[in-house]
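Asker: Sequence:
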Amino acid sequence: MPASVDREDRRAAILGATARIEWNSLAPHFARGELLVVDPLLDLVDVAEALTLDDSAAVSGWLQAGQLAAASDSQAADWHQRDPDCLWAVVIRPWVLVQERVQRH
Numbered sequence: 009m010p011a012s013v014d015r016e017d018r019r020a021a022i023l024g025a026t027a028r029i030e031w032n033s034l035a036p037h038f039a040r041g042e043l044l045v046v047d048p049l050l051d052l053v054d055v056a057e058a059l060t061l062d063d064s065a066a067v068s069g070w071l072q073a074g075q076l077a078a079a080s081d082s083q084a085a086d087w088h089q090r091d092p093d094c095l096w097a098v099v100i101r102p103w104v105l106v107q108e109r110v111q112r113h
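The sequence shown begins at 9 in our numbering and counts up by one.
Source of the hints: derived by calculation from the structure; they are not laboratory data. Every residue, glycine too, gets a C-beta built ideally from N, C-alpha and C. Treat the hints with caution; some may be incorrect.
The calculated label-pair distances, taken between Cβ atoms and stated as ranges, are [stated by the list, open to error]:
id, residue 1, residue 2, range
1, S64, Q89, 27 to 37 Å
2, A85, R19, 32 to 42 Å
3, H88, S12, 33 to 43 Å
Just need the whole structure built from these sequences, with the hints factored in.
Answerer: Listed below in structure tokens is the structure:
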């Protein structure tokens with residue numbers, strides 16, 4: 009089977025596991041230190057795929073650039089207060105990736 013088919017299947021599986029979510033469902037993952045915040049300028053599926061593939065170069069680059077980071081106390085407090093409706097998440101064990109999508113008007 010060509011590698012492109014494997015990649016398409018993997019991306020389709022990740023996309024199928026990605027969903028909009030409310031903060032109160034993410035809070036327990038934050039409390040356990042499992043929540044990683046993905047910069048809105050990145051593709052959530054790309055980041056999830058990189059973690060799945062253990063692509064340390066990509067992940068390290070995002071971490072160093074601040075585009076991927078553990079959720080901070082201030083971020084959690086902000087989401088708790090605002091309860092935004094534009095949070096998207098996907099589980100890539102042991103992590104839960106979350107991204108607040110930019111609202112375009």
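Asker: Hint by hint, say whether it matches the structure.
Answerer: Right, here's what the structure says about each hint:
no. : hint                    : result
1   : S64 <-> Q89: 27 to 37 Å : 35 Å, holds
2   : A85 <-> R19: 32 to 42 Å : 33 Å, holds
3   : H88 <-> S12: 33 to 43 Å : 42 Å, holds
Of the numbered hints given earlier, the model fails none.
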